[in-house]
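Using the sequences and the accompanying hints, generate a full structural model.
Residue numbers (our numbering), protein chains in the order written: chain C, 1 to 383; chain U, 384 to 911; chain R, 912 to 1107.
Everything labelled a hint here was simulated from the structure, so no lab data went into it.
Please note that the accuracy of each hint is not assured.
Derived SDA-like pairs (lysine to any residue); straight-line CA-CA distance at most 25 Å [claimed, not checked]:
hint	chain 1	residue 1	chain 2	residue 2
1	C	Lys-261	C	Gly-224
2	C	Lys-116	R	Cys-945
3	U	Lys-727	C	Leu-93
4	R	Lys-917	U	Leu-577
5	R	Lys-962	R	Lys-1035
6	C	Lys-380	R	Lys-917
7	C	Lys-76	U	Pro-882
8	U	Lys-579	C	Leu-93
9	R	Lys-1036	C	Thr-121
With beta-carbon atoms standing in for the labels, derived distance ranges [claimed, not checked]:
hint	chain 1	residue 1	chain 2	residue 2	range
10	C	Gly-360	R	Ser-973	26 to 34 Å
11	R	Lys-918	U	Ile-680	21 to 29 Å
12	R	His-1003	C	Gln-332	35 to 43 Å
It should be emphasised that the depicted structure is a prediction, and the values quoted were computed from it without experimental measurement.
Backbone N, C-alpha and C fix where the C-beta goes; we use that ideal spot for every residue, glycine too.
Chain by chain, the residues run as shown.
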Amino acid sequence: MFKKATTSLNKTLLTGFVTLFSSNMFAAWGDLNMTEGVTAISKEVFDLHMLIFWICVVIGLVVFGIMFYSMFAFTKKKNPSPASFHENTKLELAWTVVPFLILVFMAIPASNTLTKIYDDTEGDINIQVVGYQWKWQYKYLEDDIDFFSNLTTDWDEIYNKTPKGEFYLEEVDEAVVIPVGKKIRFLITANDVIHSWWMPDFAIKQDAIPGFINTAWTIVDEPGIYRGKCTELCGKNHGFMPVVVKVVTQDEYDAWVQDKKDAAFRMAELTEKDWSVAELTERGEGIYLKNCVACHQVNGQGITGIFPNLAGSDVVLNDKARNIEILMEGVQGAAMQSFANQLSEVDMASVITYTRQAWGNAENGDGEIVVPKDIVEYKKPKV
Amino acid sequence: MSAVIESHNHDDHHHGPAKGLTRWLYTTNHKDIGTLYLWFSFAMFLIGGAMAMVIRAELFQPGMQIVEPEFYNQMLTLHGLIMVFGAVMPAFVGLANWLVPMMVGAPDMALPRMNNLSFWILPFAFFILLSSLFMEGGAPNFGWTFYAPLSTTYAPPSVTFFIFAVHIMGASSIMGSINVIVTIMNMRAPGMTLMKMPLFVWSWLITAYLLIAVMPVLAGAVTMMLMDIHFGTSFFNAAGGGDPVLFQHIFWFFGHPEVYIMILPAFGIASHIIETFSRKQLFGYASMVWAMASIAILSFVVWAHHMFTVGLPLAAELFFMWATMLIAVPTGVKVFNWVTTMFKGSITYETPMLFAIAFVVLFTIGGFSGLMLAITPADFQYHDTYFVVAHFHYVLVPGSIFSIMAAVYYWIPKWTGNMYDERLGKLHFWLSFIGVNVTFFPQHWIGLAGMPRRIPDYALQFADWNMISSVGAFLFGASQILFLFIVVKTVMGGKKATPEVWEGSRGLEWTVESPAPYHTFTTPPKVS
Amino acid sequence: MNEGSKKTIKTLCFAVLGMFTFSFALVPLYNVFCEVTGLNGKIELRATNDKNIEVDDGRDISIQFVSHNNEEMPWTFRPSEDNIQIQTGKYHTATFYVKNTTNKRMVAQAIPSVAPSNAAAHLKKLECFCFEQQELAPGEEALLPVRLIFDDELPSSINSVVLSYTIFDVTDYNDVEFTQHHNDDHHADHEMEPSI
Chain C
1 MFKKATTSLN KTLLTGFVTL FSSNMFAAWG DLNMTEGVTA ISKEVFDLHM LIFWICVVIG
61 LVVFGIMFYS MFAFTKKKNP SPASFHENTK LELAWTVVPF LILVFMAIPA SNTLTKIYDD
121 TEGDINIQVV GYQWKWQYKY LEDDIDFFSN LTTDWDEIYN KTPKGEFYLE EVDEAVVIPV
181 GKKIRFLITA NDVIHSWWMP DFAIKQDAIP GFINTAWTIV DEPGIYRGKC TELCGKNHGF
241 MPVVVKVVTQ DEYDAWVQDK KDAAFRMAEL TEKDWSVAEL TERGEGIYLK NCVACHQVNG
301 QGITGIFPNL AGSDVVLNDK ARNIEILMEG VQGAAMQSFA NQLSEVDMAS VITYTRQAWG
361 NAENGDGEIV VPKDIVEYKK PKV
Chain U
384 MSAVIESHNH DDHHHGPAKG LTRWLYTTNH KDIGTLYLWF SFAMFLIGGA MAMVIRAELF
444 QPGMQIVEPE FYNQMLTLHG LIMVFGAVMP AFVGLANWLV PMMVGAPDMA LPRMNNLSFW
504 ILPFAFFILL SSLFMEGGAP NFGWTFYAPL STTYAPPSVT FFIFAVHIMG ASSIMGSINV
564 IVTIMNMRAP GMTLMKMPLF VWSWLITAYL LIAVMPVLAG AVTMMLMDIH FGTSFFNAAG
624 GGDPVLFQHI FWFFGHPEVY IMILPAFGIA SHIIETFSRK QLFGYASMVW AMASIAILSF
684 VVWAHHMFTV GLPLAAELFF MWATMLIAVP TGVKVFNWVT TMFKGSITYE TPMLFAIAFV
744 VLFTIGGFSG LMLAITPADF QYHDTYFVVA HFHYVLVPGS IFSIMAAVYY WIPKWTGNMY
804 DERLGKLHFW LSFIGVNVTF FPQHWIGLAG MPRRIPDYAL QFADWNMISS VGAFLFGASQ
864 ILFLFIVVKT VMGGKKATPE VWEGSRGLEW TVESPAPYHT FTTPPKVS
Chain R
912 MNEGSKKTIK TLCFAVLGMF TFSFALVPLY NVFCEVTGLN GKIELRATND KNIEVDDGRD
972 ISIQFVSHNN EEMPWTFRPS EDNIQIQTGK YHTATFYVKN TTNKRMVAQA IPSVAPSNAA
1032 AHLKKLECFC FEQQELAPGE EALLPVRLIF DDELPSSINS VVLSYTIFDV TDYNDVEFTQ
1092 HHNDDHHADH EMEPSI
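So this is what it looks like as structure tokens:
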């Protein structure tokens, strides 16, 4: 009976395997290897990777070849009298020295490439990269451009409520933009815990360590959009803070820089303008969905005991001053951080106004809204 | 547990084991304690394995289906801690307890009462660790490598219990190592010089010295964490003049020797089994000893290869790259010696031999990916991706774990007096072999393609291989239930084993009856 | 138990204690090793007492200043100049602008970091706002100086250096009773006050 069971077990296993291996996974061969990337360094790294890989394959074939041969040729049946040799100093020396020489052969190109990577001089463009829980901040030091880069994949996609987009978990609201052919230097640090900035297509990975600065540089040969990841466990949303770099022509880059500067100017104008409640609320909703929903939820109700309920909260309904203070300074001893450095005055006013209007708060509270000028006022020294 | 027979071959009178459950609580007998360690490690293996099933179930498809990201981080942290400190290390200690005294012709370990303590603090420690799942803030969620400041300033309250548990586990390992070293150095039968010792004994002698050297450093690291968290120091806090990277240096100074601690006894086991089933003396005994010693010494000077991306100076990166590559030399020597032992041998393929051969092949594959990781500029693309996960799972699962399974199949007839069911053993082997490869081989590809580690969800291009990996994991996990069944079945009965058990076996443990008498070698044997 | 065993046990226990002490010794040893080998990315948090490091024939290097507020610490903090050209072997004074934009008194600690790391050993400072904690009243602002020099031994391969300062809010560390916030701090998912 056991014999029968084994045979049908074998059959099941075999069928399972055939099904598994005949699926379209073999179409994915192209995704099975490291990227060659788009820089001279990334191509050198790829070549190094392949060199070491093939050396290992050859060694493996030789060693396993001898082993498998022994397994078949020297079974007890075929070779009932085993040999008796059990040492050979010359052989031991040989297979100590030869691998050592192979390693030296590998170490030379590896050391060369590493030295090139460490050849760290001034860049044409210097970008400070700061890892936050759970987003990246980029500051272009020459042009005074400063923005955050947040994941834009909807949480509904993540929780399987809506279908996943093409760049699921790899898309952001603001990508890093750099020109081709110029030397870009990244100055990497972190705001809280250790993160790590990885761009596979540039073969750059440097840890972002709070209080310390690390550098990396690249010169990209081909325009395109390149996607990377955070590669150091940094808390709950470590998997949700991608890196996106857009490499463009010099002209496109210059236009982008100008655009950013104009936007800063436009933002100043926006701060001065008179906003209607509807305008603020509409703008605020977008900001809320990007920045607040992870904790306070779409319905504003938070999670009992962990993240406060904003719908019907006393502060949101009746205490405009405290409401602003919380957003601007965070809450000591709690998870609520200050958003003063992340949101412009316009965005700050919009999101606070949104929370004061949404979920029935407009009817139940004092009806006070927050305008950008209120935030400007808050930032003035209070002496 | 074992069917104990009162031995009539000794002069001294010994009582058999005590009766009842308190036997296990108070025992100072190395065989009993070995059994306790082995059962404990099996239980931890299943618990850690269950956590792996949660991880692989969540990774089966893109999107969050089973758990929340914060709980996922707790699973991956506990999975690592339990497998390293609860499954692999205690299993090797259990094997040491059962085998080292018999192999050197000693009646027991040097410090039998400390031996008991070494074991019993372990369930206590793991109870604390596992109970943290139910604490406010949840269990530790910062990875088994617990880098600061994620594990200090940003840690949940359970971190303090984690530190306490680690201290206890460390104490257990240190006490166990003291016992092993003193036993081997001072209680060998007359005539057994160091260079006549079985290789498993050598592997444990070296491992024990490594443990003595580095477990206290881990204790130092977690004590510094404790001080940063509760006593206002700034070892790892930049604001106070400290450095998060210092944590990594201290941790990996422990961490790298630790991974050799987890493989050296496996090397010893492989040597015994391959020698027996090739019916041919192990090739190059002296080289095998020197290779293990070289690996152990080198393991102290390579730690920063876990830190290639933190911003070390070029000179340091070059040094650690070269030193790490060098370890391939003595490791290679061992592989060549095993193969040469089989060459022109007279081989049969019982279950222990199947596991031992798979160990050699698959551990070597893990070694190749290790060599690739050693190449610093390439490591910039591998670090913290699934390529690393694939590497260490290859050396730990078909490496350490397979060697432990091989050891169980090989020595269980000596421990219980019963042969295990050979067909079931082979089935367990094949299911595990297939499972392990289907689970971990694709992870090389996923890592190269760009998937980071320690993430609960991933971009769509990683979906197909993650699904396959998860299927392999479920297969491997299920197969271990079969292993449990096989072990229990063997303990309860089976074909009676001879003292020699295996044709071609060598060593003192095969000169005593099966099951081994409760007290063996109360009079030391003569060794030629 | 024979004498040999007792001796081995004693030795091993000393070894264990020794290694535990060694792990704590690693903390200062880390710094000593860095200084001796020059493989040091860390900067001294105290004034140099090196005399005779000034020279007249130094070479030109460029310094990039970078600033960051750790954990969104709500001060304004930026270098007065982002990029300067100086000479090795000559002192230079740079300033950083700070302002406490809140309505509470606060204390900050600035932590410097240099890239490339092998430039750090050659950076000496006579004066630096990072040597002490800086306290500002609500709304107070200041121009904080750092008087620095790169000695002439700076490797010739280094032509540009990044000097980064991160400021940390250490106000709580100054309170008489040390309040342990850390486990309740940002981003830990556990209970906080249910109402604001």
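Those earlier numbered hints the structure runs against, lowest number first: Hint check: 6, 10 fail, others pass.
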